[in-house]
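J.: Following the working numbering, the numbering of the sequence shown begins with 1 at its first residue and continues without gaps.
Some hints could be false.
Quick list of in silico lysine to aspartate or glutamate cross-link-like pairs, EDC-like style, CA-CA up to 16 Å [unchecked claim]:
#1 LYS263 x GLU296
#2 LYS361 x ASP382
#3 LYS126 x GLU162
#4 LYS105 x ASP69
#5 LYS393 x ASP69
#6 LYS173 x ASP235
#7 LYS263 x ASP307
#8 LYS277 x GLU227
#9 LYS263 x ASP149
#10 LYS287 x GLU312
#11 LYS105 x ASP94
#12 LYS223 x GLU176
#13 LYS126 x GLU174
#14 LYS373 x GLU360
#15 LYS289 x GLU318
#16 LYS287 x ASP307
#17 LYS173 x ASP118
#18 LYS287 x GLU311
#19 LYS277 x GLU312
#20 LYS126 x GLU172
#21 LYS223 x GLU172
#22 LYS373 x ASP235
#23 LYS373 x GLU389
I should point out that these hints are in silico values taken from the structure, not numbers from a laboratory. It should be emphasised that the depicted structure is a prediction, and the values quoted were computed from it without experimental measurement.
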Amino acid sequence: MAAQAAPNDRTPLLDDTERRENINDDSESNSDNGHSPSSGGSNRLREVLLFVWALLATAAVIVLAEVGDGPLGRVVDLMLGGGRCHFLPNGTADSCRLDETDVVKIAQEQYNWTYASDRAGFDALKLGENVQLPALGLFAHYNVPFEIDRRNLDHIYPSLTEMTHTALRALEKETEHSVHGFFLMIEGSRIDHAGHINDPAAQVHEVLQYDAAFQAVLDFIEKSETETILVATSDHETGGLGTALQEPGHLPVYNWFPRALAKANASSEFLSLQLAKHIAENPGEHKGKLRSWVNETLIYGGLGITDVHPEELDALVEAPLAAITTFAAIISLRAHVGWSTHGHTAVDVNIYSSGGRDTEKIRGNVENTDVGKFLRDWLDLDVAPITEELKSKLGKVNRNDLAAMDAVSGRPAEAAAAGEVPQHWMEQHMREVAAI
1 MAAQAAPNDR
11 TPLLDDTERR
21 ENINDDSESN
31 SDNGHSPSSG
41 GSNRLREVLL
51 FVWALLATAA
61 VIVLAEVGDG
71 PLGRVVDLML
81 GGGRCHFLPN
91 GTADSCRLDE
101 TDVVKIAQEQ
111 YNWTYASDRA
121 GFDALKLGEN
131 VQLPALGLFA
141 HYNVPFEIDR
151 RNLDHIYPSL
161 TEMTHTALRA
171 LEKETEHSVH
181 GFFLMIEGSR
191 IDHAGHINDP
201 AAQVHEVLQY
211 DAAFQAVLDF
221 IEKSETETIL
231 VATSDHETGG
241 LGTALQEPGH
251 LPVYNWFPRA
261 LAKANASSEF
271 LSLQLAKHIA
281 ENPGEHKGKL
291 RSWVNETLIY
301 GGLGITDVHP
311 EELDALVEAP
321 LAAITTFAAI
331 ISLRAHVGWS
341 THGHTAVDVN
351 IYSSGGRDTE
361 KIRGNVENTD
371 VGKFLRDWLD
381 LDVAPITEEL
391 KSKLGKVNRN
401 DLAAMDAVSG
411 RPAEAAAAGE
421 VPQHWMEQHM
431 REVAAI
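Start from the sequences, fold in the hints, and give me the full structure.
T.: Dropping the structure here:
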């Protein structure tokens, strides 16, 4: 979640949580205990780690710009969400940076940000009544847990709706004597993550939490004396979810069973982490004992499923690195929902608005770029000078060059893949994954 208050007219585009893809080695195990990746999967694992390294390198640069250490200086007044590991130096236990840059320290000392890092710090903001801008709130090491899990950890992590209330009130107070107002971007980004995993139970709870945040904004607009507009949309659909499933070899059943999703009280992400933790803490455990633990604790305890198939348990025990998608497939089958991909789709997405002046321009079938143009015109923003400023500071950069460059070194990405990823980093993570 990111926001900008007057008088600065630059528009930030930041997320409520740091974006990531869910990457899992789905190779089958060839070890005796079934707990290690196969030798055939080592190359694939290296490719995954190279990709993760590229993501971390990119995030390392982005977060610096977010707090003000970028070509445009500080253009954001408030950020709330997760992704704390990207802001901390590599030497700290909670970091996922590849360097020793302490972005939190830079934000506080060079750009005057106030900082909160836990539930107590968030509660001290008093839902926006006690916020000193610019304000940075990083309440999770990486992503804020899926809502289906977060609701059981409410004493640790604030919800998207709580952060929405806090941001709206803080910005309202900051701009009550301004003619410019504010711009706030709220993203339910974990809806996308649930789609990538194909986890329908997690996705339902994410959508419901986003709906609650949506309602909070509508309530704010209704009470506000300042003309305000809400526009909600998505950049894409993920997973190709359909409330229909015809199993191979079965006659079609034109029905789906939402009760199966209501029984679940944990995401497949959480369950897969519990499985990895159990295996690490019980090396060499007999497969039969592990199967019983998985069935009783994770399948029944986490998903509320009592009719697990032997082959489903086999998949979890024999290939624990792929457990996140296996758990998702197990509950999808019980709910009788189908997926077409673990990636993004070209399905049209909806646009919602609170209505009001000029909103007819985004009714009907419109291009995604029309949404940005509408917001630019509605806010009466002149983006050309900012474009020219960026050009003057960054120089002319070809779009294809941008896609090919490594964010940290400026060298082509293929050079990083050829061996420029720090060897100690690669070896460490190869050992950690193999240990699972």
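J.: Against each hint, give a clear statement of whether it holds in the structure.
T.: Status of each hint after checking the structure:
| no. | hint | in the structure |
| --- | --- | --- |
| 1 | LYS263 x GLU296 | holds, 15 Å |
| 2 | LYS361 x ASP382 | violated, 19 Å |
| 3 | LYS126 x GLU162 | holds, 10 Å |
| 4 | LYS105 x ASP69 | holds, 12 Å |
| 5 | LYS393 x ASP69 | holds, 13 Å |
| 6 | LYS173 x ASP235 | violated, 31 Å |
| 7 | LYS263 x ASP307 | holds, 13 Å |
| 8 | LYS277 x GLU227 | violated, 51 Å |
| 9 | LYS263 x ASP149 | holds, 13 Å |
| 10 | LYS287 x GLU312 | holds, 14 Å |
| 11 | LYS105 x ASP94 | holds, 15 Å |
| 12 | LYS223 x GLU176 | holds, 14 Å |
| 13 | LYS126 x GLU174 | holds, 15 Å |
| 14 | LYS373 x GLU360 | holds, 13 Å |
| 15 | LYS289 x GLU318 | holds, 13 Å |
| 16 | LYS287 x ASP307 | violated, 19 Å |
| 17 | LYS173 x ASP118 | violated, 23 Å |
| 18 | LYS287 x GLU311 | holds, 13 Å |
| 19 | LYS277 x GLU312 | violated, 19 Å |
| 20 | LYS126 x GLU172 | holds, 14 Å |
| 21 | LYS223 x GLU172 | holds, 12 Å |
| 22 | LYS373 x ASP235 | holds, 15 Å |
| 23 | LYS373 x GLU389 | violated, 20 Å |
In terms of the numbered hints stated before, the structure departs from hints 2, 6, 8, 16, 17, 19 and 23, listed from lowest to highest.
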